[in-house]
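Residues per chain are reported as follows:
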Amino acid sequence: VRRNTQVAVTIGLGLAVGSLLHSGVYLRYVRPQMHPVLVATSVALVAVGVISLVPAPCARRQARAAQHDHSPGHRDGDRHRSRAAWFLVVPILATLVPPPALGASSIGRVAALTPSSTAYAAPLSPGTPALTLSEFATRATYGRSLAGHDVILEGFSSRSASGGWNLTRMVIRCCAADALAIQVHIDNAPDPGVNAWARVTGRWDGDRNLASLAATHVDLIQQPSNPYE
Amino acid sequence: VETSTVLHGRRTSPGRSLIDVVLDKLLIVLSGSILLALIGGYAVLTGFFESFQVQTASTVFVAIVVQALPFLTLGTAVSGAISAFVSPAMLGRLLPAHPGLAVPAAGALGMVLPGCECASVPVARRLIVHGVAPGAALTFMLAAPAINPVVLVATAIAFPGRPVMVLARLVASMLTAVIVGWIWVRRGDDRVLARLAGGGSQHGGHPRGWRQFVEEMRADLMQSGGFLVIGAGMASILNVAIPQSRLSFIAGVPVVSALFLASVAVIIAVCSEADAFIASSLTQFSLTARLAFMVVGPAIDLKLFALQTGTFGGRFSTRFAPLTFLVAVIAAGVTGAVLL
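Each protein sequence line maps, in turn, to chains A and B.
Take the first sequence: its position 223, counted from the start at 1, is 865 in the working numbering, and no numbers get skipped.
Take the second sequence: its position 319, counted from the start at 1, is 321 in the working numbering, and no numbers get skipped.
Sample of chain B residues facing chain A (criterion: CB under 10 Å; computed from the structure):
(1) V56
(2) T58
(3) A59
(4) S60
(5) G228
(6) F279
(7) I280
(8) G312
In short, the hints are calculated from the structure, not lab data.
The beta-carbon is built from N, C-alpha and C at its ideal position, and this holds for glycine as well.
Can you make the complete structure from the sequences, with help from the hints?
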């Protein structure tokens, strides 16, 4: 890969990361905490590319660079040998048609999340609190202060193995490659359709083996900007 | 620029063996066609019917690249900075001169530097170029991502009420890094790394400033980045082809289950900050098997294998990867038997 191509790919990569950040699409792949890190990466890549474009102050190097540029048949120095660099074009192109967030189709692929025994020990806040599916499932498994509370959950619909449907969310710790599924079975409401996002209001039905919610209200919603927990 | 030409002169270097060339080419051609099929498939199939497998693989592929790119950029920046601003003599004072002692010192150095496995590969290469004993540099490469503070805290959070998992991970990963380093010092064939070390002597040992920093960083990034993409492509395909949810059938068999989870760690290629959470969710497996998963993952996985092939050459990676895998599994097994 020639030096000029390297520079172009470096800048392109920086701009690709920038576009993922600008559109918020990066949340389909990594956690929101990565935002500042990705901003720094995008800026660094573009900077490295742009600085490479500035001619070297030393005349000898300029001459050598000119020689490179004007001799396409020349082997261009083994410095730029690796053709592997071309593969970086693939993720740049992928950001033009970014793949969707993991949804119902990925559930069979990932393991289910095991609720942690120590989390969410505090009592529920009064009213109708909005909980993450992880919090609801954890409280349900350990029978913790859900009884008698209406709660609000958000997720997408997926078919349940035991019939009916589950409200589902993917939990990621680092990136979408390590996704785990967390599911809450929804009773008393028709399935809004596989992969449809819904906000469900309801009450825990007291089952500690299977986290499930007796729904009183189901609203269809847009996929949230951060599809994961 | 001309010294760097010598430094990376793989095409013309006499040390570049046939197997090196064949492996590099094979890896590139094979993964290239797989990736093309993936992208072509994604583009074509989504128009006709929802190809969920391909979609999921594409999402996982982009996710691995987006997650790893910042750490790879950081690693190449550190590597470029060492090349431009640190002389081999300065590095020499940091580690004991005797390779056997430099290995555990490099392991300890790895502990304090939070980094992802992708970052530590280019840094290790730079250390070798700068004259650090290859065994010690490889120990650093294995230790830095496996047992830094971030990873240990993540492990503690993932296994609440079982602080012994953190200790076991620390011990087993440190054992792996140091033992692999020592084996490399005693038995390793440094000739497979010869072109790196040879390039270092051409360097003259004089730090050469910002221009050099940018040139080195960009070239490193292109090289490593390309192989990261290859590794991410292979990992995403296997990640989807071998669903985690259907792995449980083997969980009850003692030794086999540990070997099995260790292989899964190689295939799914998640970063070391996240693997503890996967391990904690695999509740049907024994703690020792899950320890093997966490010790092997940061040491060797598909994207690391691709990165190491691109950085050190196929002759190196085909020797180093099985060695690392074997030592990591045994270290995890012994540590698990004693502590868990």
